[in-house]
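Take these sequences, add in the hints, and give me the full structure.
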Amino acid sequence: GDSVTQMEGPVTLSEEAFLTINCTYTATGYPSLFWYVQYPGEGLQLLLKATKADDKGSNKGFEATYRKETTSFHLEKGSVQVSDSAVYFCALTLNNDMRFGAGTRLTVKP
Amino acid sequence: GAGVSQTPSNKVTEKGKYVELRCDPISGHTALYWYRQSLGQGPEFLIYFQGTGAADDSGLPNDRFFAVRPEGSVSTLKIQRTERGDSAVYLCASSTRVNEQFFGPGTRLTVL
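Order-wise, the sequence lines are chains E and U. Counting from 1, position 48 in the first sequence corresponds to residue 1176 in my numbering; the numbering is continuous, with no gaps. Counting from 1, position 80 in the second sequence corresponds to residue 83 in my numbering; the numbering is continuous, with no gaps.
If you're looking for bench data, these hints aren't it; they were derived computationally from the structure. Treat the hints with care, as some may be off.
To be verified - Have a look at the derived ranges for each label pair, beta carbon to beta carbon:
1) Thr16/U - Asp1182/E: 47 to 57 Å
2) Glu1197/E - Lys20/U: 45 to 55 Å
3) Glu1197/E - Gly56/U: 17 to 27 Å
4) Ala1145/E - Lys81/U: 26 to 36 Å
5) Thr1148/E - Thr113/U: 27 to 37 Å
6) Glu86/U - Thr1133/E: 26 to 36 Å
Claimed, not checked - Calculated cross-link-like contacts (lysine to any residue; reagent style SDA-like; alpha-carbon spacing at most 20 Å):
7) Lys1177/E - Arg100/U
8) Lys1177/E - Thr10/U
9) Lys1177/E - Glu103/U
10) Lys1177/E - Phe105/U
Please read all numbers here as calculations on a predicted model, not as lab measurements. Each residue gets a CB set at the ideal place from its N, CA and C atoms; glycine is no exception.
Have a look at this one:
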């Protein structure tokens, strides 16, 4: 079935380091792809999305490009901040439900 | 306007009891989703409503789980004869389009 696999955490980085969290998907059709973020004590928030191949989603300095040829949607940020510490979830939707990865916990140290 | 709200925020119950979890979606959102998130995992789809009807309930784990949305707005997830394995955070989301789901803060259910 349709599924998402994302890089296992936890990931610990120093402030201003470069971030990559890998995400690959398996789908029978052409899904929409998402990154959600869950800050400590808060609910899931949409970070960015892409709805078709080669689309790039971006928000708050984060970017991800929908790569159909590699079935990937890796999350990147050039310079992380302490406030980026959170759990990041890759997700896809094809029909009515959303399929999530297991989440990657990011901790950014000053 | 207000986001998706869920009540209660925490629920502790004993094994075998019945529980109801409530979701108030964003006003005007026709689609409503329930997910379950176990510790260290991503949310897992349970059921999807379009208006008053359950359009897809394929994620409900067994017949102890049931959800309703009688007026096409508020939804209630009902769990009968709770088991310890039901302990999780239950998330609700609403949307006007599949590509934009807005999540509530969740209800943390603990079954003792």
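Practice problem: Enumerate the violated hints, using their earlier numbering and listing them in ascending order. | Solution: Numbers 3, 4, 8, in rising order.
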